[in-house]
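Asks: Given the structure of chain A, go ahead and fit chain B onto it with the hints provided.
Chains A and B supply the protein sequences, listed in that same order. Counting in my numbering, the first sequence runs from 6 upward without gaps. Counting in my numbering, the second sequence runs from 6 upward without gaps.
All the given hints hold, so there is nothing to weed out.
Here's a subset of chain A near chain B, in silico, CB distances under 10 Å, partners left out: (1) Y310; (2) Q314; (3) E331; (4) Y339; (5) D341.
I should point out that these hints are in silico values taken from the structure, not numbers from a laboratory. Just so it is clear, CB atoms sit at the ideal spot from N, CA and C, and this is done for glycine as well.
There are 2 protein chains.
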Amino acid sequence: MHTTLLRKIVPGVVLALGCLSPGIAATVEQWGIHEIRLDGPSEGNPFVDVRLSAVFDNGAKQIHVDGFYDGDGVYRVRFMPDAVGRWTYRTESNRWPLTGQTGEFTVTEPGPGNRGPVRVHATYHFAYADGTPFKHFGTTIYNWIDTPEELQEETLRTLAASPFNKARMLLTQQPTPYRNEFAPPRWPYVGKPPRDWDFTRFNPEFFRHYEKRIAQLRDMGIEADLVLFNPYGKFGFETLDAAGDERFVRYVVARFGAYRNVWWSLANEYDFLRTKTEAEWDRIGRLVAACDPYGHLLSIHNGHYLFDQRQPWVTHLSVQDGHACESPASAKIYRDAFRKPVVFDEIKYEGDAKFRWADLDGFDMTHRFWAATMGGTYVGHGDYFNTLDEDTWTSFGGKILGESPPRIAFLRKIVEEGPADGLNLIDAWMDPGTSGKPGEHYLHYFGRETPTSWAFQLYRTNLEEGMRFKVEVIDAWDMTITPLEGEFVLKRKDRYHFVDTNDRTVPLPGKRGMAVRITRIGGATGTGETTASTEDV
Amino acid sequence: MHTTLLRKIVPGVVLALGCLSPGIAATVEQWGIHEIRLDGPSEGNPFVDVRLSAVFDNGAKQIHVDGFYDGDGVYRVRFMPDAVGRWTYRTESNRWPLTGQTGEFTVTEPGPGNRGPVRVHATYHFAYADGTPFKHFGTTIYNWIDTPEELQEETLRTLAASPFNKARMLLTQQPTPYRNEFAPPRWPYVGKPPRDWDFTRFNPEFFRHYEKRIAQLRDMGIEADLVLFNPYGKFGFETLDAAGDERFVRYVVARFGAYRNVWWSLANEYDFLRTKTEAEWDRIGRLVAACDPYGHLLSIHNGHYLFDQRQPWVTHLSVQDGHACESPASAKIYRDAFRKPVVFDEIKYEGDAKFRWADLDGFDMTHRFWAATMGGTYVGHGDYFNTLDEDTWTSFGGKILGESPPRIAFLRKIVEEGPADGLNLIDAWMDPGTSGKPGEHYLHYFGRETPTSWAFQLYRTNLEEGMRFKVEVIDAWDMTITPLEGEFVLKRKDRYHFVDTNDRTVPLPGKRGMAVRITRIGGATGTGETTASTEDV
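Looking at chain A on its own, in the form it has when it is part of the complex:
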C-alpha cells in the first residue's frame, strides 16, 4: 500500500441535498431521500470497476447502502431514513477519492402526504410504514416511460384523475402486439437494439429520466411497481447473463431504492422468459432482497406457472390468472395457499382487442375488482382499446378508454370506508359473497346474480341478539348508495345465523352488480359470540 501517495489524492466533494457544503448538517424528512454526491474517477468503466457504499448511523442502528455511478465522474449514494433525529454516514469504496467521506444530517418528521413505504399488514393486506392502511388499486402501463414527452405528461394527468394508487411499469422495454417496433427516446444501456448493447455500461440519462417519473408518481401518492425483466426479447435484454443480471439489479436498487414508493417486481410473466430457470429467478429475488436495505415489497409475476410464492423474499403474490377473480372464493385460495397478500396484477384487460386476454367489457372488469376485493385480495387494472396512433393505455399510457375506472373509484371509496385492517370473507366456505369485519361491517356482493330481494342474515361470529345495524343498497355500476329506512335488530335464527327481529328482507332491483353494506350502529353491549368451535365449522 502506497499510503503516502494515496493520501495526496484530493477527496471528492460531498454534497447533501439541501446542504451547501460538506460538514454542515442538512435536513431531510423521514422517508425522504438524503443523497450524497461524490466526484470520482471517470476513466475505465466505473460501472464495473468502482464499488461505492456508505454506512448510515443514527446511534441505534447502522444501515449499509450501495451507491452508483451517474456518469461524468459523478457518484451518488441515496438513503431513505426511517427514523427522525441525527444521522451520520461514512463512505466505503475501492477508490480512494470515494473512501472515508463522512457527514451528518438531521431527519425531520415526514411532510404532508408522506406515510413512508408500503408494507405487508395483517398478513393479507397492506399499510404504509406510518400505519395508514393502503388499499391497493393498481393499473398497468408497461412502456409509458418510453413514449414522447407529451404523451408521458398526458399519462400523468390521466393517473391523477384516476382511482389508481399503483402503476405497474417496465424497466426494460417490451414490444406490443400492435407495435413491435417503437423507438424509446432513451435505452437503459449504451448501444442499440437488438444486439448492439454494452451490458456493462448503463445510460444514466435513461435512469435520471426514470427516477424523475418515480418521484412524480410518489408526489401524486402512486406506488411505482417496477418490473425488472420481461420475456418479450425482441430488444435483446433477454440475453443478459448471470453477471449482467446482477449488475442490473445492483444498479437499479442502488438508484431507485431510496424512493419510498418503489415496489420491485422481478418480471412480467417470468416463466415465458426462456433464458432463465426458476432457480435463477430465486437467485435474483434473493439478490434484490439482499441489496435493498429498506425491504421494499418484492414479487414475481407469472404467465402460466405460478412461482413458489413461499420463498421468504416474496413479500406478496403478483398473480396473473384469467379466471380466479370471477369469484371471491377462488381468489381467496391464493391467500390460503401462501398466507401473504395477493395482488392479481393481470386478470385480463378491459378492451376491444382481437386478443381474448384483452376483451373484458366495463362490467366484467368492475365485477372482477369487486369479486377479488370481497375475497380479501387486490387487483391491477388494464385498458386495451387500440387507437391506431397511440396504441393502448396499458402499453403506452395516454388516455384510459374503458368504462371501469369510475366504478373502480367508487369501489375504492367503499373499501376505504370499510375496516382499516382490510376485508376478509367472514364465512368463506358457506357464504363466499360476504366480506368485512364480524360484528361491525359487512359487505355482501351479488356479482352477476340479479336478485330482487335478499333475506337479511349474518353469520354468528361476534354477534348477539339486540345488536343494531344500518343497511345500504349499493349499485356497483350506477355508483349509487341507497340507505334503507330504519334499522335491523338481530335475533338468533338458528345454530349459525342471526336475522332481523322482524324478519326484514332487503329489496333489490333485479340488476347485476348489486351489493349490500351492513354497518353496526349500536345495541347489545357484549362482544358477541366468538368463532365456531372446531367441531362445528
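Replies: Showing chain B alone in chain A's frame:
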C-alpha cells in the same frame, strides 16, 4: 464387553413367511411382505428398551427396515421388496438375541391384482408402481376399525360394492358429534381413556387387528389412508409429547409400512389440534418420511389453515375445503399453487345432519366429484346420515345411505376410460368446464347449468382441420351415455377455436349435471397445432 458371556445366549428363532426353518429360502411376491420373526427379551419395557432393524440386500441396493415388538417376547421385521430376485438380510439390535440374524428369500413376480404401492404420476396424478394409473375415488370411515366385529364385516361388504378405492381412517380414535362416548374393543395403548394411558406401551392386539383390516382392504384393491393424529382430544391422545409422538410414528411405520396399500396422513384437521405447532407437524412429517423406506404417499389434512404443502415430505395435498369443489377452476388453483396432486379429502359430507358441513344432497356430492375431477383433482366422499343405532358411515362404517355412490361409480368408469395420465383442464382460464387430453379426448361438464344445446367447439391445441370426433351426451345423475349419430369433423373457426365443418351443435335436455364426451376417431394425419405462443394466451 463380556463377549464370552454374550456368546452363550441362544440366538432367537428366525421365521420367514412360508418358510419352515431358518436358512431355507422362502418366496414372496414383489410388493408382498417378507416377515422375519425373532424371539427376544420380554423383561422391562421392550417397546422402549429394544431397538431392532434389518438391512435387506439384493446386490443392487440395501434397504434399512425397522422392526417392532409384538408382545410376549416376539419381535418382527416386515419388508416389502420392490424387485424380483434373491434378497438377503441381516438384523441389527441393541440386544444380542436379535443381533446378526441372517437369511435369504426369493422375490417372485407380483400376483394378480398386485400393482405395488401408489405413487405420484405426471405431477398431478397417481399411478401404481407398475405404471397402472390409479384414479382416486376415496371415502371416509373414521372409526370403523373400532366397532363391533359384525359392523366391521358389513363395512367391508359395503366397500366391496362401492366405487371407492381409498378409505381414510383413523389410528387414534375420535369421538363423533352423535356419540361422544363409544367403547372400542381395543385401544392402541395399554390403559384406559381419558387419562390412564401408558404411552410407552402399545397394545399389540389393537395393531394386529388393524393390520388384518389393512390386508383385507389391500386384497380388495382399496388403499388405506391412515390418519395418525386427530384433534378431538376426549380420549387423551392429544397429550402425547414429542417423545410419545416419535415412539408412535416409529411403531406404526415399522408395523404397517410393508403393506403396499398404506398411505400416511399425519392428521385429521391438524390445525384444530392445539397441542402441536406447525413446526412440530413438520418434524413429524419429516420423521415419517425418514422412517418409511418405501416412500408411501404422505399428506397432512387441514381444518381452516392449509399446511405449507411445499414441504418436500408432502407428496400430495389432502385438503379440506367446503367450497372449492363447486368449480373446476377453483379446485385447480390448489394444483397451480403447489404442483402436486390434489385430493379434496373433505368437501362436506352427503347427509341429513344438523351440521352444515354434512348436509349435501346426492346431486351436490355428485356435482362436487365431477367438478373437482374436471379440475384435474381428486375427491374423498363422506356420508353422514344419522341412524340412531349405528351413527354414520363416515364415523363408524356400516351402510352408505346417500344417493351419490352409484353416480360416483359411473364417473369413475368415465375417468378410467379417459386419458391414462389423468384429466387436466385444456384451456383453464377461458373454459373452465373442459378437461381431457388435447387432440384426443375431451370431457365438457355443464355443472348446475341447464343448457338445451351446446355449440361444439374445441380449443386449438393439437388440433387441425379434418380431424374427426365422436360425441356422446352424458347424464351424470341418471348415469346414461348417449352417442350422437355420425361424426364431427373439424374446421377452423377463428384464432382460438375449431368447430364442426357443418356447424353441428350438440342437443342437450335442459337438465343439470350434463356432460359431453368428445373422442378422436381419425382424420388429418398431423399432430395439429401446438400450444399457443406466449404472446397469444
